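J.: The working numbering puts the first residue of the sequence shown at 13, with every later residue one more than the last.
Treat the hints with caution; some may be incorrect.
Label pairs and their calculated CB-CB ranges [unchecked claim]:
(1) TRP62 x SER33: 36 to 46 Å
(2) ASN40 x THR14: 29 to 39 Å
(3) PRO18 x THR57: 35 to 45 Å
(4) SER59 x HIS19: 15 to 25 Å
(5) ASP60 x ALA23: 38 to 48 Å
(6) ALA48 x MET15: 16 to 26 Å
(7) GLY34 x MET61: 29 to 39 Å
(8) ASN64 x VAL35: 33 to 43 Å
(9) MET15 x PHE44: 21 to 31 Å
(10) GLY54 x GLN24: 19 to 29 Å
(11) TYR27 x SER59: 35 to 45 Å
Bear in mind the hints are in silico, worked out from the structure with no lab data behind them. All values derive from a computational prediction rather than experimental measurement. Using N, Cα and C, we set each Cβ at its ideal position, and we do this for glycine too.
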Amino acid sequence: MTMPTPHIFHAQVYYEDTDHSGVVYHANYLKFFERAREDIIGIDTLSDMWHNKG
């Protein structure tokens, strides 16, 4: 069994994404997960699906 190729997504973390100690606030991880998911699928594919299938 072969290991799947990992997907590397580089995200810019802004000050507003962190808590008072400078660590990414846990709820903001969802934003990064969604951006990475869109990157894997391909934003063009998502846009086409949205327009064609509603």
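J.: Each hint should be assessed against the structure and marked as holding or not.
T.: Hint check:
no.: 1; hint: TRP62 x SER33: 36 to 46 Å; verdict: holds, 38 Å
no.: 2; hint: ASN40 x THR14: 29 to 39 Å; verdict: holds, 33 Å
no.: 3; hint: PRO18 x THR57: 35 to 45 Å; verdict: violated, 20 Å
no.: 4; hint: SER59 x HIS19: 15 to 25 Å; verdict: holds, 19 Å
no.: 5; hint: ASP60 x ALA23: 38 to 48 Å; verdict: violated, 24 Å
no.: 6; hint: ALA48 x MET15: 16 to 26 Å; verdict: holds, 18 Å
no.: 7; hint: GLY34 x MET61: 29 to 39 Å; verdict: holds, 38 Å
no.: 8; hint: ASN64 x VAL35: 33 to 43 Å; verdict: holds, 41 Å
no.: 9; hint: MET15 x PHE44: 21 to 31 Å; verdict: holds, 23 Å
no.: 10; hint: GLY54 x GLN24: 19 to 29 Å; verdict: holds, 20 Å
no.: 11; hint: TYR27 x SER59: 35 to 45 Å; verdict: violated, 30 Å
In this structure, the hints that do not hold are numbers 3, 5 and 11, in rising order.
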